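Chemist: Below, each chain spelled out in residue letters.
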Amino acid sequence: MGGLRVSESVVHVSELTRRFGATTALVSVSVSLPRGAVYGLVGANGAGKTTLIRHILGLLRAQSGSVRVFGVDPVADPVAVLSRIGYLSEENDLPGWMRVDELMRYTRAFYPAWDDAYAEELRRRFALDGAAKITNLSKGQRARAGLLIALAHRPELLVLDEPSSGLDPIVRRDILGAVIRTIAGEGRTVLFSSHLLEEVEQVADHVTMISCGRIVLSAPLDAIKASHRSLNEAFIAHVGSAATPTAEL
Amino acid sequence: MRSPALAIGWEFRRRHRWGLIAVAGYLFVVATIRFLILGPGEPVLVDSVRFAAVVSVPLTTTFVYLLAVFSFGFTGDLAARHSMYPARMFTLPVTNAALVGWPMLYGTAAMAILWLAARLFAVWPSGIAIPLIWPALLAAALLAWTQALTWMPYGLPGIRLIVAVLGLAALDTVVLLAIHFKAGEPRMVAILAPQVPLAYLVARFAVARARRGEVPDWRGVFGRLASNAVRTRRRDHFPSPARAQAWFEWRRHGRSLPALVALLLPFELALLWLAKDAPAFVFEILFLALITPPFMAACTAWTVSQPNPQGRDSYGVPPFIATRPLTSAELIAAKLKMAMWSTLAAWLLVLVAMPLALEWSGTWPLVTERVRRLHDAIGTPRAATVVPLILAGFIVATWKQLVQSLHIGLTGREWIVKGSVLLTLTFLIVLGPIVEWIIDSPSVQRALWNAGPLILAGLVGLKMSAAAWIATRLDRSRLLGDRALVLGAACWVVAVLALYGVLVWFFSTPFVARYVLALIAILAVPLARISAAPLALAWNRHR
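Chains as they are written, first to last, in our numbering: chain A, 1 to 249; chain B, 1001 to 1543.
If we strip away everything but chain A, and leave its shape as in the complex, we get (with noise of 0.2 Å):
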């Protein structure tokens, strides 16, 4: 993955800065994401990382700075950009009323690049069934319900924020690696925020490492480990002991 050629930006974040109130979630945030990278978010829950995803998918209007994913503002055009876009959302929130086979048939209408036998086959692969009521779904089950519908229209840029949360750790090193690494071997370019630094160090090329709102550190993973030993290291060093996030169970 490290050789793959970087051609243009997927994402394109400039000097963002975004308040809540009184909160500043985001301070001059410059981000660039190359096509076919995989890119990990690291950070302490309440980082920014959550509201920097939420701008790049439009949910969020930039306040100062500016925000361009395929060279187009997601707020202007979200048609245009969320089109090429597969999301699963930290929060998790399907219809519970839905039938996994309707997720999927109403998933399907919106995507024309909609592969209905990849989308079958990571049916099989979840072992999820197509007769079961969302709400009945585990919260494993329901995270990988959410990924399937994130990945069978094959989008250019695959946005996780914090996939691992609803995973359990064979889930989470079997499939959820073995997707970003397929996706990422296809070309196409994967984000994805968490703050499992073992889990990024696994499968990420590229690690942008945030804190109170500012990128305190972003350099591609092998220059990390040249210059600490481990991501951990690196972000004990960047943002200190007291914010380490700690391996999940």
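Errors might be hidden in some of the hints.
Unchecked claim - The calculated label-pair distances, taken between Cβ atoms and stated as ranges, are:
id	chain 1	residue 1	chain 2	residue 2	range
1	B	Ala1109	A	Ala132	42 to 48 Å
2	B	Phe1295	A	Thr24	45 to 51 Å
3	A	Asp77	B	Ile1113	51 to 57 Å
4	B	Thr1060	A	Thr135	30 to 36 Å
5	B	Trp1505	A	Ala132	15 to 21 Å
Stated by the list, open to error - Stretches of chain A that chain B covers, calculated by requiring three or more beta carbons in the stretch to come under 8 Å of a beta carbon on chain B:
id	stretch
6	51-61
7	82-91
8	94-102
9	107-114
These aren't lab readings, by the way, just hints derived from the structure by calculation. All values derive from a computational prediction rather than experimental measurement. By construction, the Cβ of each residue, glycine as well, lies at the ideal position given by its N, Cα and C atoms.
With the hints as your guide, set chain B onto chain A.
Modeler: This is chain B only, laid out in the frame that chain A set:
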């Protein structure tokens, strides 16, 4: 805070502080009017419009509000199988008796205070005997049974609503019969007093079951049927994103209105069997049935306009919807389409049930006789047009009720939503006395009649200015393309012209100027509020 009772009470107070402050403020205003303006001994005319506006409407609203507060109605899912009692409270280290008892006690106390305050400030003395205890007991019993029936887990989705409505209606019927047979206060107290402890026992049983996770599942047969339906439909794909989104909206909100109409209609039409010998009563029942869809549409509109009723943030657009690759205008179009199908489904029920009920109850001849008299009075063409026109008016009114608050609810700003509710209630409260003042003052009526065209012109100016501003914003924000804007405006003009043509044909009288009819047609066809809905959604979706 060292006691669970205080903690539970504090949660009610903290969560609903603004609503409870508004109720206290209202009672204070009524008390001020009672003691400082009217005078303590001045009798109150309980059958006046002013009384209805200042006392009946706000008190009924307060009663319903307190029902929702103390049964956790604002956070629970009325249609779900599981209990509406908040599951997070099941892990508190308190007994079932405490979980049930304290909310019931606080609710009972609130209802008793509401009645006593209302009686003291609003309806006493009124020249008629107003009972002291049993109305408070009735309010407490209705609340207790609402709590018990809504906290019970059920085997099928939607059963809770039916059971609650039937249970409360049964209690109401008993009380109405007792009033009919002139039961005195001691007898009423004897009927109502056992209701609260009885409801407490049922509620305790319900919460105990819910706490153990015992939710019965009667979906076996239905589930199999649904699975088969899903299997047969698996290959059917939506032809477009717009159709998929309209399906989503229909499944989420579309069935509520027809279901509510289907629930109420049989009870209303059953009254026709009692009204065979009272023609006036028959037409009152038919009118009641006809206003049921628009009235229920007004009740369900808030769920349609709430982007995320079951979510943590019920006002914000959930990411699942916000990230659909559709424009905000397309998301609104799906809602409008769903509202149309929902309206048609509700009216289909009315139009099928009403003739059947008239026929089976033997009251058809009364209706045909009234139609014959109408025919004799206004002639064949007008008589043949007036019935479909009235019906069309009711149908459009139903649809309008469903969609006209979208521009408020979809903003996602709690202060706008609650502010608009407060404004509406204030308007309703002020409207009654103003109407009564107009009815009582011939000079005011004359002035209004003379100023009528000017007032209408002012309202039209306001509407068109708002529409122009909204169109400019829609164009600038590129939420709607030029073609869509022009097409929308053209459709609106055609609708206004059509309505104007009908009005001119129908009211061909020299007493009403044609420009007045034109102004009425412009005001009647919805424009500004519906056009503002995409702006409201975009404001919420891209914060």
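Chemist: Are the hints correct? Go through all of them and say.
Modeler: Here is what the structure says about each hint:
no.: 1; hint: Ala1109/B <-> Ala132/A: 42 to 48 Å; in the structure: holds, 45 Å
no.: 2; hint: Phe1295/B <-> Thr24/A: 45 to 51 Å; in the structure: holds, 48 Å
no.: 3; hint: Asp77/A <-> Ile1113/B: 51 to 57 Å; in the structure: holds, 55 Å
no.: 4; hint: Thr1060/B <-> Thr135/A: 30 to 36 Å; in the structure: holds, 35 Å
no.: 5; hint: Trp1505/B <-> Ala132/A: 15 to 21 Å; in the structure: violated, 58 Å
no.: 6; hint: 51-61; in the structure: holds (count 5)
no.: 7; hint: 82-91; in the structure: holds (count 6)
no.: 8; hint: 94-102; in the structure: holds (count 8)
no.: 9; hint: 107-114; in the structure: holds (count 4)
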